[in-house]
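Chemist: From first to last, the protein sequence lines are chains A and B. Count along the first sequence from 1, then add 41; that gives the number in my numbering. Note that my numbering numbers the second sequence so that position 13 is 5, with each residue one more than the last.
It is worth saying that the hints were derived from the structure and are not from the lab. Check each hint, because a few of them may be wrong.
[Claimed, not checked] One-sided and incomplete, this derived list gives chain A residues near chain B with beta-carbon spacing under 8 angstroms:
1) G121
2) F207
3) A230
4) T232
Note that CB positions come from ideal geometry on N, CA and C, so glycine has one too.
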Amino acid sequence: MQGETAKGRQGNQKRGDMTAQWVPEVFQTLLDNGIGQVAYVPDAGLAALIEMAQAEPRVTAVALSSEQEGVALLAGAWLGGQRGALLMQSSGVGNCINLLSLTQTCRFPLLMVVTMRGQWGEANPWQVPMGSTAKAVLEQAGLVVFEVAEADRVAETVAAAATMVFNGPRAAAVLISQRIVGAKTFTAAATVTGQPR
Amino acid sequence: MSDVRVDDSRSDRYPLRRREVVAALLADTEELLIVTGLGAPSWDAAAAGDRDRTFPLWGAMGGAVSMGLGLALARPQDRVLVLTGDGELLMGLGSLSTVGSQQPANLAVVVLDNERYGETGGQRTHTARHTDLAAVAAACGWPSTWTVSEQTAADELPARLWSERGPRLAVVKIAAANEPLVMPPRDGTWLKERFRRALQVAPHS
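The following block holds chain A by itself, in its conformation from the complex (with noise of 0.2 angstroms):
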């Protein structure tokens, strides 16, 4: 897998491959950028990064109950002089709804980078309602959204991105395409009980 290009893996890659080289790519880009605190709620698509963020002393990684707490956490972070990035998968686009008008309201930074799910080989039909709407959604709640289907373009567009966002200060979302992250793989060896085989 190593010696392939990201763009020979894409649409066939498993989630979660720990040794593609957007990750580092962008937690980089994330220290480029001053981040201090990497609020998450977990996607194997994330793991990496997750685990590069636990690692790094200059960073507090934030384990989250529910996204909506990462959108209030990081703007408490930016009333103290702290710059922070949220981290999530697409279904976690709609837990944030109510608390981005804290963003919008207060004009607070918020980078968020979102890996996407229900969008290309998903093999689970309940990703799909926040997979097909999160782009919508977070346009309509006034955030700038970037989508990234290539992975030696993620890292740009984070970077992109979070001259934005701190600059401004604005609201914008990275939407990591399925393409890059993989879709999830349901072994065949799993039990579907309840229906004919």
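Using the hints, position chain B against chain A.
Modeler: Below, chain B alone, put in the same frame as chain A:
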């Protein structure tokens, strides 16, 4: 089966008055960084004297403790107080668990618990029945949690809040009665910049 019969009007008879509790709590605390939850806790803090280092929420229900956590992590050298109500905290109950994981020693939460949604007509919250917010915080790993329901304990609260190991959470059982409205400024951008200037935070950082 537990006995679910409960006197859910008992807070009509609680002796502690929210304005007196908050006035005592905020006296001589000019350096304290304060986030107030929406509704009456924001009015109580304003009644005690609006100040630069208070950020009153007018919305974002359920976010007060999380906002205080982000501030406490960003300013480990400062004491951070979240002053909120039972309804506001119930909407963000998971944030107690998040604080339990982070263990910020400089964070205190005081819940003004009147067992009511005071801004919407006084409907009962779950604390009017069986939910014990101090017990919830304790179960989430907060080192110090307690409930204050009479005057002697209320008098001890301001000193005890910072002598107990943090993060600490005190639930103050207060009378259900609403107090006269005293409102802080409501322009969020202005409140945010006022707070940051008080801390001498540079723009863009």
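Chemist: Confirm or reject each hint.
Modeler: Do the hints match the structure? See the list:
1. G121: holds (3 angstroms)
2. F207: holds (6 angstroms)
3. A230: violated (33 angstroms)
4. T232: violated (31 angstroms)
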